[in-house]
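As they're listed, the protein sequences go chains A and B.
Residue numbers for the first sequence follow the numbering used here, beginning at 1 and rising by one.
Residue numbers for the second sequence follow the numbering used here, beginning at 1 and rising by one.
Heads up, some of the hints might be wrong.
If you want the footprint, here are the derived chain A segments under chain B, 3+ residues with CB under 8 Å [claimed, not checked]:
no.: 1; region: 152-162
no.: 2; region: 277-283
Below are the DSBU-like pairs computed for lysine-lysine, each with C-alpha atoms no more than 30 Å apart in a straight line [to be verified]:
no.: 3; chain 1: B; residue 1: K190; chain 2: B; residue 2: K167
no.: 4; chain 1: B; residue 1: K209; chain 2: A; residue 2: K154
no.: 5; chain 1: A; residue 1: K154; chain 2: B; residue 2: K206
no.: 6; chain 1: A; residue 1: K59; chain 2: B; residue 2: K466
no.: 7; chain 1: A; residue 1: K154; chain 2: B; residue 2: K271
no.: 8; chain 1: B; residue 1: K464; chain 2: A; residue 2: K59
no.: 9; chain 1: B; residue 1: K451; chain 2: A; residue 2: K59
no.: 10; chain 1: B; residue 1: K273; chain 2: A; residue 2: K154
no.: 11; chain 1: A; residue 1: K154; chain 2: B; residue 2: K448
no.: 12; chain 1: B; residue 1: K285; chain 2: A; residue 2: K154
no.: 13; chain 1: B; residue 1: K273; chain 2: B; residue 2: K295
no.: 14; chain 1: B; residue 1: K310; chain 2: B; residue 2: K43
no.: 15; chain 1: B; residue 1: K463; chain 2: A; residue 2: K59
no.: 16; chain 1: B; residue 1: K295; chain 2: A; residue 2: K154
no.: 17; chain 1: A; residue 1: K59; chain 2: B; residue 2: K448
no.: 18; chain 1: B; residue 1: K43; chain 2: B; residue 2: K84
no.: 19; chain 1: B; residue 1: K295; chain 2: B; residue 2: K271
The set of hints was computed from the structure by calculation and includes no laboratory data.
Beta carbons are placed, not taken as given, at the ideal position from N, Cα and C, and that holds for glycine.
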Amino acid sequence: MRHGKYPLLAAFLLPALGVYATFVISPYAQAFFIAMTDWQGLSSNFNMVGFDNFTYLLKNSYLWNALWHNILLMLLLPVLTIALGLFLASMLNVGNGTGRVRGVRGSSFYKIIFFAPQVLSVAIIGVLWKEIYNPRSGLLNGGLRAIGLDGLAKTWLGDPDFAFWAVLAVMVWANAGFYVVLFGAAMQAIPRDIYEAAALDGTGRWATLWRITLPLVWDSVQVAWVYLAILALDGFALVQVMTRGGPNFSTDVVGQRMYDVAFGEFKFGQGSAIGVIMFFLTLSVTVVALRLTRRERIEFS
Amino acid sequence: MSAHDLSRRALLGTAAAAVAAPALLAGCAVGGDNTPDQAEGQKNTKNPLGVAEDAPLEVVIFNGGFGEDYAKAHEAMFKENFPKATVNHNAVTEIGKTLQPRFIDGTPPDVINNSGAGQIDNGSLVAQGQLADLTDLLNAPSLDVQGKTVRQTLLPGAVETGSFDGKVFILNYAYTVYGIWYSTKLFTEKGWQYPKNWDEHIALCKNIKAAGIAPWTYQGLHPRYMSWPVISTAIKFAGPQVAMDIDNLQPNAWRSEGMKMAADAWYQIVKDKYILEGSPGLDHKQSQTEWCNGKAAFISCGSWLENEQKAVTPAGFNMAVAPTPSLGKGDKLPFEAVRGTAGEPFVVPAKAKNLRGGMEYLRTMLSMKGAKDFTGKVSSLTIVAGSADGASLPFGLDSCVKALKASGDKGFNWVYPTYYRKLERNLVDAACGEFFSGRIGPAEFLDKCQKGADEIAADPAFKKYKRTS
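Next up, chain B with everything else stripped away, as it sits in the complex (with noise of 0.2 Å):
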C-alpha cells in the first residue's frame, strides 16, 4: 500500500484532516503508482500463453444487454483448464466508474469488458499505455481448432478494430452487421422488394410514402447513426479508400468525391420530405420504436437492434438488414458489400497481476465452445467464423448472417470512433443532426464534418493514429 493510500484512510478515520497539507491531498486522485509483480508459469503444447497454474484470475463483466450468464459459462471453462486457479466474477455496469481509480492506482482487474455507456474510452486507455499487447494470444494455437492459431480463427476484419499502430490491444468480441433495417413482413405484405441501387431506393421511398408511410426515420437526438449509411454509400462508390482516409484523418478526407455524390444521393430523402416528421426529436429508442410500430419502413442501426426493440417489436414483425443500395453501376464494391465490424471490446491491462491468465481467458472466449456458447446464450454472432453454423437464430440475427455471407470479402469498415471518439460523437453527430432535419445542404454537411476532422488533427491533446490496411 502506498504513502497516499495511508493518508487518505488517516482522513477518513481520524478527520484529522484540517491539518493536511494541499499538497498532500492533491496526491490522493492522482496517486500510487503500483508495479505489480506478474504471474508467469512455465510454457508449454497445453500452456503456450504460460498462465501461473495457481494465480488468481479477476474478471469484471459490463452488465448490459448481453448479461452476465455467458461469462460465467467462459470462467468455467477456463476452471476446467486450470483447475487450481481461483476465478473472482464480477458484473457492473458502470465500467468507468468502477475501474478508472483502479487503473490510476495500478492495480486493475486481468481481464475487463470494457463496454456500455459508462465505458472507458478504449482509444485513451491505449493512448496512455495501460492495455497489454495481444499479439502473443494471436499467435497462440487456438484451444479447439486443431491446426490453426487463434488468430486464422477470426473473421476478416476482425483485428483491425483493436489495432493502434500495428499492435492489437482490444478484442473486440461480438461481431457487428451495419446496415439498414425494415420489417420483411410489412414489405411482402406490400408487395415491396428492398432496392438495390439508389433510383429503385428513391423510386420505392415515392410508393411507400404513397402508402401513408414514412420511409424513413431516424435516431435524431443522437444523429450519427445516419453518418453510417452516409459513409457506406461513399465507400461502396469508391472503395475503402474513403474510409481509410477518414481514419487517418487526412485533408479533406470527408470532402472526397466518394463522399460528395453519397451526401448528395442522400440529401434527397430530406429534400423530398421522405423522412418521417418529428424524426430530429426522437431519441434512439423513440424512433425505433416507431420503426417497429409500423410508422417508418427503414432506418439506420447496427445487429444490436433486435435485443435492444425485443419488448416493443410485434410478433412476425421480422426486421431484417440490407446493405445501402448502390449508387449506380460504377460503384467500386458490389451491392452485397456490407459493413460489419467487431464490437464489445475486451481487454487485458498491461499491468494486471495475471496478465497470462487473462490473455488465457481470452483465449478460452476465441475457442469454437466458447464461442458458440456465447452465440446460444445471447444471440450475438462472435468473430469466430463459422461459429454460428448450426445454431437456431432469430430472425434479425440470421438476416445478418446470411447478409455477411453475401458480402463475403468484400466487406468495409471504418474505425475514426474508436481513435478519436470525439470526431464522431460529438462532431460528425451535430453536422448530420444539421443535415438530416434539412437545416443545412450536403456541401456544408461535409464542411462541417471535415472541420470537425481538422480540429482533431490539430489539437495536439488527441494522440494521432495511422493505419494502412
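So that you can see chain A by itself, here it is in the shape it has in the complex (with noise of 0.2 Å):
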C-alpha cells in the first residue's frame, strides 16, 4: 500500500493545485510586481519605479472618495442584509403563539420569492434595477405616483444625493435571499423543545428572536458578516453596470476606480496598485471580522 499512496495523492492534488497556482497565486504575485512598475498595458516596455504608484494614489482624492464609499458599504451592507435575513428567516422559519414550532402561512413560497435574485446573475439585476429607477417610465416611481406620492418620486441613478442608496439598496434586495436560507437551514438546526419552552413561558417573537434563535445561529451571522463585507469591499459589477461610478463620482466604489485607471487610461502599473491596496484591505477587514465575532460555540447535547 505504501508505495501506491503517494502517486494516488499527487494524481488528485497536483492537477489542483497547479490550477490554483496558475489562476490564483500568479495573477496575485504578478499583481504584486506590476504595481511596482509604470507598465502601461500595450507593450512589453515598463520601468520600476518602486512604491511611486502608491504614493501617487495616497494624495489621490478619486481614491479616497471610492474608499469612503465602500467603507460606507462596509458598515452598512452586512447590518441591513443579516438584520433583514434574520427577521425573514425567523418569520420563515420560527413560530409563537399557539405553541407550534413554524413560520408565518405561505413561507414556503416566500422562500422561492426571497431567493429569486439569488439565481439572476449581478448583470442582469444591474439593467433590470436600472429600469426599475428610470424617473420616467420606471416601475418605482410610477409606483409612488400612483399612489399620489408624487413628492417622494426622485430621479434616482440621476442624482448624486440618492444614487448610493439606491445602490446600497440594490445590493441589501440581491443578497438578503441567500441569507435567508442561511440563517434558516441554521434555525432548522435548533432544537424544537427550547423554542417550545420558550413559547409556554410566553415569549413573544421578538423575544424569541433576540434571545434564543440570534445566540443559537451566531456562527452563520459570523460567516455572513465575513461574507458580506468582503462584497462590500467589492460592489464593482452592479456598480459598474447601473452607475459607472457617477454621477459627480457619488457612487465610486475602489473596483470601479481600478478599472477605470487600468481599462480607461491603460496605467496598469497605477491600477495594479489599487489592487494590491484592496487586497490588504480585505485581508485585514477579514481578520477583523473574525476576531470581533469569535464567540464560544455553543453545544447542542
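Fit the two chains together into the complex; they arrive one by one in their own frames, and the hints show the way.
Next up, the structure:
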C-alpha cells in the first residue's frame, strides 16, 4: 500500500494545485510586481518605480472618495442584509403564539420569492434595477405616482444625493435571499424543545428571535458578516452596470477606480497598485471581522 | 516563441506551478517582446507602398453598429489587387480584451478597427509607440481618383483627429456630424421653425413647453453629450481658438470669454426648466427613446443616432440634424458652421508583420469604390469627399450631408477626448451632470471643467500633445 499512496495523492492534488497556482497565486504575484512598475499595458516596456504608485494614490482624492463609499458599504451592507435575513428567516421558520413551531402562512412560497435574486447574475440584476429606477417609465416612480406620492419620486441614479443609496438597496435586495436560506437552515437545526419551552413561558416573536434564535445561529451570522464585508469591499459589478461610479463620482467604489485607471487610462501599474491595496484591505477586514465575532460555540447536547 | 511563453504553457500543462518562482510568473503578463520581420516588396507605380505580394494580411474588425460585411467587401477588393495574398478576416466585439495580449506580445494583426466600448484607448496606443505613422499612405496616389494623393481626396478635418504632434497614427474612416436633432415631422405639424439664434431658441422652447412637450432632453447618465453643444456655441461665438486652447490644456481655457458666454446661455434651459423631467436619471438609450416618442423636442447627439434608434423610431419621424443656434450677430462663425469630425478609428500597428499590406488595405478603403461601398452598406458617411454623392441615404443621414455642405469650410472640431480620454469621459462628464441637473451654476460648471483639465495638465502620467491647426 505504501508505494501506491503517493502517486495517488499526487494525481489528485497536483492538478488542482496547478490550476490554483496558475489562476490565483500567479496573478496575485504578478499584481504585486506590476504595482511597482509604470507599465501601461500595451507593450512590454516598463520601468521599476518602487512605491511611486502608492504615494501617488495616497494623495489621489478620487481613490479616497471611492474608498469612503466602500467603507460606508462595509458598515451598512452587512448590518442591513443580516438584519433583514434574520427577520425574514425567523418569520419563515420559527413560530409562536399557539405553541407550534413553524413559520407564517405560505412560508415556502416566500422562500422561493426571497431566493429568486440569487439565481440571477449581477449583470441582469443591474440592468433590471436600472429600468426600475428609470425616473420616467420606471416601476419605482410609477408606483409612487400611482399612490399619490409624487413628491417622493426622484431621479434616483441621476441624483448624487440618492444614487448611492439606490445602489445599496439593490445590493441588500440581491443578497438578503441567500441569507434567509442560510439562517433558515441554521434555525432548523435548533432543537424544537427550546422553542416549545420558550412558548410555554409566553415569549413573543421578537424576544424569541433576540434571546434564543440569534445566539444559537451566531456561527452563521459570523460567516455572513465576513462574506458581506468582503462583498462590500468589491461592489464593482453592480456599480459598473448601473452607474459607472457616477453621477459626479457619488457611487464610485475602489473596484471601479481600478477598472477606470487600468482599462480606461491604461495605467496598469497604478491599477495594480489599487488592486494590491484592495487585497490588503480585504485581508485585514476578514481578520478583524473574524476576531470581533469570535465567541464560544454552543453545543446542543 | 519566447521563454516566457514556454514557461506559461509548461505551467498549464504539467501543473508544475507549485515550484515556479514569483519572478518567473511575473514575466507572464508583461513579457514577450517580439521584433517581427516585416514583409516588404518592390515599390512601383501599381504598388506605391511596396507591399509584399504574397504576404498574408490579418484584419480585425469591431463587430458593432456597422457589422462586418463592409470589411469583407474591402478585403475582396484588396485581394483583387493582390491575388497571391491570403486575407485573414476576424470580427470581434471586444477589441481590447482580444488584442491587448497581442500588443504586449509584440504580435499584433496588420489592420485593426479599434472601436466600440471595449476599444483600446487610441491615445495610449500612440503614447506607447504601438502604431505605424500613416504619412506614407496619405502621400501615396489614390487608388481610383486620378491625379490626387490619398490626402487630397479627403474631407477637411479628416486627418487632424488622428494626428499627434504632426504625425498621423489613426485613420478615422467614418465622418460624423454632431449637432442638435429634432423630428421634422413634429416641427412641421406644429408649425415650428428650427431656431437660428439664441433668442429664437429660447422663444421656441417657451412655445414647445406651452404645447405640453419638453423642449430638451439629454443622455443624463452620460451627460458629456451636452458638453458638445456648449463647446460648439463657444467656438461659433469666439472662433476656433476656443477649441485649440482646450485641446492644448491652456491655463483657463475653459474659462475663456466664449465658454463663459456659452455656459451662461445654456444655463437658461436649465433655469427655465426646459429639460424633460427625470432626464438626469436616464441613460443614452432611455433618453433618446423618450425623444423618439415625442416627449422632448431637441437632443444633442452625433450622426450615429439614426442607426442607434432604428428599432424604436416611429415611421415618418424624419429626424434631422442642425447646428447650434448662434449667440448673436457678433458670432465669429456663421449659423451654418457645424461640428464635423472623423470617427471609427482604423490603425496599423507599428509591429504588424505586414505593415505595408495594412496601409495598402487602408488605401483600398479610401478608394472611391471602397468608400461608396461602405456608405451603401452601412448608411454612414466616409471621410472620402464626394463618396456619398448619388447614393440614396436615410433621412437623418441626408440631413447630415446637407448640413456639411452648408457648413463648408467653416466646420470645426476639437480633439481633447482623443488626447485625454479621461478628461471628457470622467471629469467634464461629471461637471455636465451637475450643471444640467441644476445643482451648480455656469461659473461653477466651468471651474469644475477647468479643475479637471488642470489635473490632467499637472499629471506627468499623461503624455501631452499640442496642435497648431
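Verification of the hints:
1. 152-162: holds (count 7)
2. 277-283: Our answer is that it is violated, as 0 residues pass the Cβ test (under 8 Å) against chain B, missing three.
3. B/K190 - B/K167: Not OK: B/K190 and B/K167 at ~50 Å, beyond 30 Å, violated.
4. B/K209 - A/K154: At roughly 21 Å apart (the allowed maximum being 30 Å), A/K154 and B/K209 satisfy the hint.
5. A/K154 - B/K206: 25 Å, holds
6. A/K59 - B/K466: Holds: A/K59 and B/K466 sit about 28 Å apart, inside 30 Å.
7. A/K154 - B/K271: Status holds; Cα separation ~18 Å.
8. B/K464 - A/K59: 22 Å, holds
9. B/K451 - A/K59: Between B/K451 and A/K59 the Cα gap is close to 16 Å, so the pair holds against 30 Å.
10. B/K273 - A/K154: Distance ~16 Å between B/K273 and A/K154 Cα, so the pair holds.
11. A/K154 - B/K448: Holds, at roughly 25 Å.
12. B/K285 - A/K154: With Cα atoms ~19 Å apart, B/K285 and A/K154 stay inside 30 Å; holds.
13. B/K273 - B/K295: 14 Å, holds
14. B/K310 - B/K43: Status violated; Cα separation ~46 Å.
15. B/K463 - A/K59: Holds. B/K463 to A/K59 sits at ~20 Å (cutoff 30 Å).
16. B/K295 - A/K154: Cα-Cα ~18 Å, so holds.
17. A/K59 - B/K448: Roughly 19 Å separates the two Cα atoms, so the pair holds.
18. B/K43 - B/K84: Holds - the C-alpha atoms of B/K84 and B/K43 are around 17 Å apart, at most 30 Å.
19. B/K295 - B/K271: 19 Å, holds
Comparing the model with each earlier hint shows violations of hints 2, 3, 14; every other hint is respected.
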